[in-house]
Amino acid sequence: MRLHPILAALRRHKTGVVLIALQIALTLAIVSNAVFIIGQRIARMDRPTGVVEPGLIRISQQWLDAPTGDDAAAVEQLDAMQRTDLAVLRGLPDVQEVAASTSMPLQGMIWSGYLTRTPASSAPSVQAAYYYGDERLRSTLGLRLVAGRDFTAGEILHHAIRSTAVSPVVIVSQALADALFPQGHALGKTIYQDGKPATIVGIVERLQTPTLSAWGSGWSYNSVLEPVRLDGDTASYAVRARPGREQAAMREARKALLAVDPVRLMPDSWGIQPFSEIRAKVYRADRGMALLMGAISLILLCVTAAGIVGLTSFWVGQRRKQIGVRRALGARRADILRYFQFENLFVAGMGSTLGLLLAIGLNLWLMHHYALKRLPMAYVLVGMAVMLLLGQVAAYVPALRASRVPPVVATRSV
Amino acid sequence: MFGYYLEIAVRSLRRNTGLTLLMVLAIGFGVGASMTAYAVFRAVSGDPIPWKSSNLFVPQIDAWGPVARADDGEPQDALDYTDAMALMRYHRAARQSAIYAVAPSVLPTDASRTPIPLGGFAVYGEFFPMLDVHFEYGGGWSAGDDERGTPVVVIGAAINRRLFGGADSVGRMVSIAGRDYRVVGVMKPWNPQPIFFDVVDTGGFGGDGPDLFLPFRTAIAADMENAGSTHCPKGRMPSAPGFAGLQASSCTWIAYMVELDDAVAVRRYRQYLDDYAREQQRLGRFGWPPDNRLRDLRTWLDHEHVVPDDTRVSMLVALGLLLVCLLNTVGLLLARFLRRSGEIGVRRAMGASRSAICLQFLAESAVIGAAGGVLGLLLTGVGVLGAGLVLPVYLAGLAHVDARLLLLTVLVAVLATVLAGLYPALRASRVQPAWQLKTQ
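So the sequence lines, in the order shown, correspond to chains G and E. For the first sequence, the residue numbers in my numbering are 1 to 414. For the second sequence, the residue numbers in my numbering are 1 to 440.
Chain E with its partners taken away, still in its complex shape (with noise of 0.2 Å):
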């Protein structure tokens, strides 16, 4: 039955093809608007690492006081090295680990010897086993490498290809910013966006994925500035110059994050956060109570605005646009039905029931929204094509389209269209038969 319903929708919508096209463009459009904009959101919304986000947590001390404040009244996003490196030694955490960006140039053994410039972290070893860093060869640091600074290196599988043609390179050497480090570990393909665990130096999205991790103290030892961002509070830039002088102000410049297994953890980190505070009160470096905070990951991201306002404005519009072309549609349908009245009256007198009919017009509806689906899919192509045009550089790569949009964009016409037809269905199955046929 459903078969031949089919057949009389395809019958019906040739014959009135001008209304026909009109609704087909108006779901089209709609559709691929709402999709494209969805394609972009879906790409920097994403969690980075949803098997573990809910027990990591990014810890924020104030260390400027309330006279420094940013205008949102939040400590700064950043901790100092004092702060960082005092967290470090108490090692409250399950892991944890202070990370800051950096940028040296390695020279490769090749005839070339031209410096490749790299982008890359300094962190402890513990950050690998937090984050899930898997490695091709190698893996990460030891706790011993962490205290003594030994200069070892873990290198991403890019570098590993440039350097080493892509072999197992563990114990190799890489003369790294004008020093040697033997390399520990070589990391699989790894780029998560957002670059969830240094989003206050990298903004959250960009590059090809890191290139290197270095043993924090090697790197501060080995005077390798940070390369990402730094803040100083008003009035008190660094006394003393040069790298040490940051390293001994309250300039904020390092990122760090923790890894928590349950609630109780998370209390125990949080009561011991406010206990470091009043104890810094206490020897007087702040002059302030505790004000701190400690945000797991998919909260940090949003307290960071890493999804660009403008991609949550442009999905708002879209979906509006959608809406638009829904009610256009439950209005276009509504019409086509009713016209029909004399035809559903013959229906019903020769023994169609209502639900018939309903089943009928629905069918109908659902043709419609296919055809505006394959539209859709077309448009939706388009739209992800043309948002990597006119996107910021960093966010074009990102969106892209695959088998699961694809099916959600035909997915979402038929649904919406099917929805949109269910009023005018509705009406149509009530038209009354006697009266119709008196008419005619």
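Isolated chain G, as found in the complex (with noise of 0.2 Å):
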């Protein structure tokens, strides 16, 4: 196929031309940034916390007849009334095990502190999130022990939520371990957490911190296991159900817990939920955002191809009578149908180079001002096939059709 008659008789459709060139370099560049972030944000939402997530269920809840202040009787009336709860749920027939538990992943509800290898508050540091729990907490959320050992019961303190005491012990996550010893062997060192001292007894494989705003995104798996009830007029669980007795759980958590005291605020929003129930409320605008990048896409790529169809269409009803002449000197349907194949080819081919560099420009002006991450050469070089593959598609029909135009319409003066 030679080019020459091609390129004279596209310099006679400019603008046509143009058009088209123009409307698949615009639908690669938002198409292949599109897709993109959808990638991105199913990468997101594809992260493991790190617990195991079936059957795990949080109870959160405020005791309104609670005593107020922060001396110490009221601490204490306080943490008897979260053992008295944890012990409450303990027996539930349907419940594997209980712990108290400030956060989970995802959550939202988050503490967090600043940990350094040394007691000097100019030293590096690392930010991580503190999970107030006690000894049961590791089991129930089902975080893997990868070195040292479990919290003991012993070891466990309780205090108002604004004190300024510390555990001695903590476990860490590997990736917090590994921030603050990049040489390794963190088991048993000790730690500065806001300046006061703690041993490493433990290290868990991974848990996800409770927040995914951006000021969290450094440091998304460094958490700390405090061994501390925290108390105050409200107080969270962490509750396994036995396998496939979720909803039953829940139910039974509720009514026990209402019956021990009923002066409590456990609506329905997120008074007692199923882990299954916290993912999907902190990914939905994720999943709705990957949504509507999907479906933009989707009539994108429907409105080019349409346009390359109508388009094409118009050039072979302009041109039936040159057709009719190629085809009366010989030409066969084939060599018709590959001229207009390959006519289209050379405008996609066009407006796909165009549309590679739109792409990347879109892109670095998305950086820019948005926080989102450089587009890989990948996305937009499958993007530039897809389009010439959707060109040659839509071409087909139209060209089908000149292919099907036969040599006597040469003869005839319309």
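One should not assume that every hint holds.
[Unchecked claim] As a list, the in silico EDC-like pairs of lysine to aspartate or glutamate whose alpha-carbon atoms are at most 20 Å apart:
(1) E:Lys52 to E:Asp302
(2) G:Lys373 to G:Asp286
(3) E:Lys234 to G:Asp194
(4) E:Lys52 to E:Asp296
(5) G:Lys255 to G:Asp268
(6) E:Lys52 to E:Asp72
(7) G:Lys373 to E:Asp309
(8) G:Lys373 to E:Asp72
(9) G:Lys281 to E:Glu74
(10) E:Lys234 to E:Asp132
(11) G:Lys255 to G:Asp94
(12) E:Lys52 to E:Asp145
[What the hints assert, rightly or not] Over 12 Å on every C-beta distance to chain E, these chain G residues come out as not near it, computed from the model:
(13) Ile6
(14) Ala43
(15) Asp46
(16) Arg47
(17) Arg83
(18) Leu145
(19) Arg149
(20) Lys196
(21) Ala295
(22) Leu329
(23) Ala331
(24) Phe342
(25) Gly349
(26) Thr353
(27) Pro407
No lab work stands behind these hints: they were computed from the structure. By construction, the Cβ of each residue, glycine as well, lies at the ideal position given by its N, Cα and C atoms.
Using the supplied hints, reconstruct the complex from the two chains, each of which is provided in its own coordinate frame.
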């Protein structure tokens, strides 16, 4: 196939060529970035939390008749109330294990601080989330212990939420251990939590922090388990239901807790919720964004394909006579078909080359203004291939019609 | 004449239904997607207090010093207790209020006596005139009440209905977190979104509007803890326990808003903030020179990224889709009009002027645009409904369809299509009648 006749013909349809090429370029630029965003969101949603999610339930409640103040007597009374709740939950038939637990991954409520290897506040520090709970917290969440040991019952402290006391022992996530001790051997070492010393007695394989917001994204897996029951007018528990008994366990828990103390706030929306619900809520925006980007990409591809079909059909209609002449001079139907396919390949090639530049430009702009990562070349290259293929498929129908123009058209005046 | 053009347009459109349908679909989807994105964007980016936003300012004081800065190099977006109280004491703005979020529960006097959890804010009396809060009954409290820490409360319309059946409850007592407060005002329903006066604690959106407001000093004296977020500088956690420890620390947890009436007042207040920071430096509390900010409300909301990035990116991508749909329409209209060169030739030969031809094809574009607009309306409706299902819960309720959006949808569709039809119509009007008639 020679390029010359195609170029000569296209020169007579400059506007149409420019329109199709521009459409392809813009479509490529937007779709490759949109698909990249979808990929990013899916990767974000697929991250493991480190906890065994099926069967995990979070109970969060507020006593409305709790003692006020943070004197020792009030703290003791609050702790007794919390221990009563824990004991009652533990006795339920569909509950496997229960722990005091202030936070859960993805759940949003976070305590955090700065950890250092030396007591000086100027030492290089690592930010981490604090998970307060009792000796059953690790096993209830289903975290895998990779080194060291669990907390013993005797190590569990309890104090008010705004206390300045700090536990002398902690369990840390592997990510945090690696960040603090890049050479390894974190177990048994002393670290300083906001200047106060604690010994690492255990390391868990993985534990994501409770927050997904941007300010915590640099240390998503830096977590510390603190052997402390926090005493306040709110208390939260982690419950592990027996396999397949999640719903039953939630019903039993609500009934039992209200029987112990009815004057508590434990609404349906956040009082007792399975982990699956926490996950669905927190990733709702990401799922929505992925869906929206998917829908827009689909519409874009359809519109562009339709545009190619429309304009190619028009060109075929305009050139019926020329096609007839070519056929009369001996061109086969396959030659005509190939001519239009090749013509489209040429236009789509120009469009997607421009689209490549636009896609990178759009990505740079998005990176500058919004927290978007660099678009890998693979996305644009696959996108270019898709656009070329789309053009070929869209041009096929009108090209086929062109190839069916009979040679006799050449002899007619219309 | 225009009516005639419309008639020809409809006839010609019916003659070539495939192509017509294609164009209507493209415009419908393009406009539907853009308008859906716009409805969401409009819902979250609106000015919550347009008549006054240029007079409301948020001061930021660099209380942590350059080493404890966040990555963006900006000072903290809330104040610590010491600075907030100093700013209130100096009282340099026309009106001002320190603000922090509280979440007490209230004990109703009815038979149930089940405590109701509430969300509200501890503020100063000037808060209400500063933000033009409207009252159903009564009003705010006085500066004297602020100073004395009088146990008074302003309640929202919804909570007034729940506690007092919607009656004028001014002077009645309510039991909040175990203490008795006298109702001094009942607000008209008020739920600004974004919650511009305390973005730091609320994140900007959510809730059904504040249930109550208490005097700041009263809430502090009652040990009513901060229900919003608290940020402490690295390595400087509160050295004493409890709420008192937080107040003595340099942790930031108090939102602050001031009203400044003109540019001179703004300059003076800026100067005052720097003087204050310099004084703190002299006293040894700050070990660094002043680095303060005083942003007006709109700039502040931008700075706090109140409009989610996702919303802006979606809007941009949807506009891109509309652009592609329009390019598509230009192409298809061009094909459509030039295919009728013969018809144009005849009309020109019969005496139609170029502008008449041009107008005829623009009319045809407008008809296509209107049809696309109707489809766009439908898709916008579906889109906004669908957006409610996939948006974060706190945003879902905000996007809505109203007459303005519907009108805009049709307008955008028709205008965009006519714009797209401009070049093809111009080309069509340039068709040479003689040449066309010859080939016929």
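Consistency of the hints with the structure:
Distance restraint check for Lys52 (chain E) and Asp302 (chain E): the Cα-Cα separation of roughly 17 Å lies within the 20 Å cut-off, and the hinted pair is therefore satisfied. Using a Cα cut-off of 20 Å, the hinted pair Lys373 (chain G) and Asp286 (chain G) holds, with the two alpha carbons roughly 15 Å apart. Between the alpha carbons of Lys234 (chain E) and Asp194 (chain G) the distance comes to roughly 7 Å, so the proposed pair stays at or under 20 Å and holds. About 10 Å separates the Cα atoms of Lys52 (chain E) and Asp296 (chain E), which keeps this hinted pair within 20 Å; it holds.
As the CA atoms of Lys255 (chain G) and Asp268 (chain G) are separated by approximately 13 Å, the hinted pair is consistent with the 20 Å bound. With a CA separation close to 29 Å, the supplied pair Lys52 (chain E) and Asp72 (chain E) exceeds the 20 Å bound. For the proposed pair Lys373 (chain G) and Asp309 (chain E), the alpha carbon gap of about 14 Å is at most 20 Å, so the pair holds. For the suggested pair Lys373 (chain G) and Asp72 (chain E), the alpha carbons sit about 18 Å apart, so the restraint of at most 20 Å is met.
Restraint check for Lys281 (chain G) and Glu74 (chain E): not satisfied, since their Cα atoms lie roughly 31 Å apart, outside the 20 Å limit. For the hint pairing Lys234 (chain E) with Asp132 (chain E), the CA-to-CA distance comes to about 38 Å; that exceeds 20 Å, so the pair is violated. Proposed proximity of Lys255 (chain G) and Asp94 (chain G) is supported: the alpha carbons are some 13 Å apart, at most 20 Å. Between Lys52 (chain E) and Asp145 (chain E), the direct Cα distance comes to roughly 26 Å. Violation of the 20 Å bound is thereby established for this hinted pair.
At roughly 19 Å, the least C-beta separation between Ile6 (chain G) and chain E is larger than 12 Å, which holds for a residue marked as non-interface. Distance to chain E confirms Ala43 (chain G) as a non-interface residue, since its nearest Cβ pair spans about 16 Å, more than 12 Å. Asp46 (chain G), annotated as away from the interface, keeps every beta carbon of chain E farther than 12 Å; the closest lies near 18 Å. No Cβ of chain E approaches the Cβ of Arg47 (chain G) within 12 Å, the least distance being about 18 Å, so the stated non-interface status holds.
Its beta-carbon lying about 22 Å from the closest one in chain E, Arg83 (chain G) satisfies the requirement of being farther than 12 Å from that chain. Taking the minimum C-beta to C-beta distance to chain E, about 29 Å, the non-interface status of Leu145 (chain G) holds against the 12 Å cut. At the 12 Å boundary, the C-beta of Arg149 (chain G) stays outside the reach of chain E, the nearest C-beta of that chain being 28 Å off. With 12 Å as the threshold on Cβ separation, the claim that Lys196 (chain G) sits away from chain E is violated: the shortest Cβ distance comes to roughly 9 Å.
The claim that Ala295 (chain G) lies off the interface is violated: its Cβ sits roughly 8 Å from the closest Cβ of chain E, which falls inside the 12 Å cut-off. Even its closest Cβ contact with chain E, about 21 Å, leaves Leu329 (chain G) beyond 12 Å, as expected for a residue assigned away from the interface. No beta-carbon of chain E comes within 12 Å of the beta-carbon of Ala331 (chain G); the shortest separation is about 23 Å. The claim that Phe342 (chain G) is not at the interface with chain E holds, since no C-beta of that chain comes within 12 Å of its own (minimum 20 Å).
For Gly349 (chain G), the condition that its CB be more than 12 Å from all CB atoms of chain E holds, with the nearest at approximately 18 Å. The beta carbon of Thr353 (chain G) is kept farther than 12 Å from every beta carbon of chain E, the shortest such distance being approximately 17 Å. In this structure Pro407 (chain G) is separated from chain E by more than 12 Å, as the shortest Cβ-Cβ distance comes to about 20 Å.
This entry does not satisfy hints 6, 9, 10, 12, 20, 21, going by the numbered hints stated previously.
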